[in-house]
Amino acid sequence: MKLLYFAWVRQKVGRGEEIVDAPRHVATVGALAEWLKAKGGGYAEAFADPKRMRAAVNQEHVGFDAPVKAGDEVAFFPPVTGG
Amino acid sequence: MKLLYFAWVRQKVGRGEEIVDAPRHVATVGALAEWLKAKGGGYAEAFADPKRMRAAVNQEHVGFDAPVKAGDEVAFFPPVTGG
Amino acid sequence: MIRVQSDDFDPGAEIAKLHAGRSDIGAVASFVGLVRGESHGEKLTSMTLEHFPGMTERELERIEEQARARWALDDVVIVHRVGELKPGARIVLVATAAAHRAAAFEAAEFLMDYLKTRAPFWKRELRASGEHWVEARGSDDDAAARWR
Amino acid sequence: MIRVQSDDFDPGAEIAKLHAGRSDIGAVASFVGLVRGESHGEKLTSMTLEHFPGMTERELERIEEQARARWALDDVVIVHRVGELKPGARIVLVATAAAHRAAAFEAAEFLMDYLKTRAPFWKRELRASGEHWVEARGSDDDAAARWR
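Line by line, the protein sequences give chains A, B, C and D.
So that you can map any letter, position 50 of the first sequence is 1091 in my numbering, and since no number is skipped, the others follow by simple counting.
So that you can map any letter, position 50 of the second sequence is 1091 in my numbering, and since no number is skipped, the others follow by simple counting.
So that you can map any letter, position 123 of the third sequence is 937 in my numbering, and since no number is skipped, the others follow by simple counting.
So that you can map any letter, position 105 of the fourth sequence is 919 in my numbering, and since no number is skipped, the others follow by simple counting.
It is possible that part of the hints are untrue.
Think about it this way: if two alpha-carbon atoms lie no more than 30 Å apart in a straight line, the pair counts; the simulated DSSO-like pairs of lysine-lysine are [said to hold, decoys possible]: (1) K1053(A) x K857(D); (2) K831(C) x K857(D); (3) K831(C) x K1053(B); (4) K1078(B) x K857(C); (5) K831(C) x K831(D); (6) K857(C) x K857(D); (7) K857(D) x K900(C).
Quick caveat, the hints were computed from the structure, so don't treat them as lab data.
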């Protein structure tokens, strides 16, 4: 699974992207966020408040209940502020 | 009193402006329109249907009940179609 | 700023002038009206815009004042052409500058709606079947009425 | 047509391209968003726009498709800049071409509202007190919600 981080999520995690092998029980965006948060450090800080976090799977906006599987590209970022 | 005509009102009346001395009982835009209509010819045609006619007194939009007096500039024209 | 002219205008230059040298403006909304090449199912040869010199400028100024009273606008420009125009030609520009987009958009729509129903311009079309004065549209009155 | 770029753009040229050589377009509405020189009562030194390359373009295309499905549009252009921008700089342009003004105006507002809430851009401000990520505004969600 390829993970991407943007804006302050990227800054807190300390990197823009990484490849991870998540355990099999990590089957949703929300479970993935919880699993990342449990790594502690910058991850714990970035994923402290899921309400401030948005996600995209394969470049489509999704909710935290959306499924994820091996091979997906999952992005985490704050609510967008363009325009 | 100075009268101005625009668009098809001008074409029907056959002129763009004229100076008139209206009788004393012509004290409103509506009375002025009636008095002009009674002149017949192109005036009768132009003023046949007051619903299709708009007016301005001294360059302000007014209704047909608006007062007019000697010295006023009164314009008659169709509903506007700019923009 | 209002202008009535027979010459063409440059929308990009007008928009740029609105915010040149300023950093308090976050939003510029604009509208350009163009002559369409067809009317009542006929090919249009040209459109001629007649106006009421003097009253036109006063009325456009009043429309601008009303928009400024209603929204916090940093600047407004209205340019309207008169005379004979060919299909594809620019007729009118309105542009509004504001701190935020809602005010800029709403004011630009208001200016166009009021201009369409208050500014003394009249359009005459030259088509295959001859010359025709454009009839005022009830939908323009309805559009203007929503601001009351 | 959508474009994401660090270079500046020319609103007048983009508007002109929308209707060049055509006579079926009666209305072009447009919006330019600019960097304001003040934020949270502080002077802004610069604003940096980060985005999600790939998804940004796809999301802007989806937003354009939705606008085209909803209104009879002859053309649409969205240009959004990324990178570091100074106060007064242009950030975004949306422009819509249609036969009549209501569709052009509504679609331009829709595009801006959706872009603000869907397109993956993030703004970071450099102010006297340091770097700050811009917080999403509830008013933008409300603006987008009115189209549902």
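Taking the hints in turn, this is what the structure says about them:
| no. | hint | verdict |
| --- | --- | --- |
| 1 | K1053(A) x K857(D) | holds, 26 Å |
| 2 | K831(C) x K857(D) | holds, 23 Å |
| 3 | K831(C) x K1053(B) | violated, 43 Å |
| 4 | K1078(B) x K857(C) | violated, 36 Å |
| 5 | K831(C) x K831(D) | holds, 20 Å |
| 6 | K857(C) x K857(D) | violated, 55 Å |
| 7 | K857(D) x K900(C) | violated, 48 Å |
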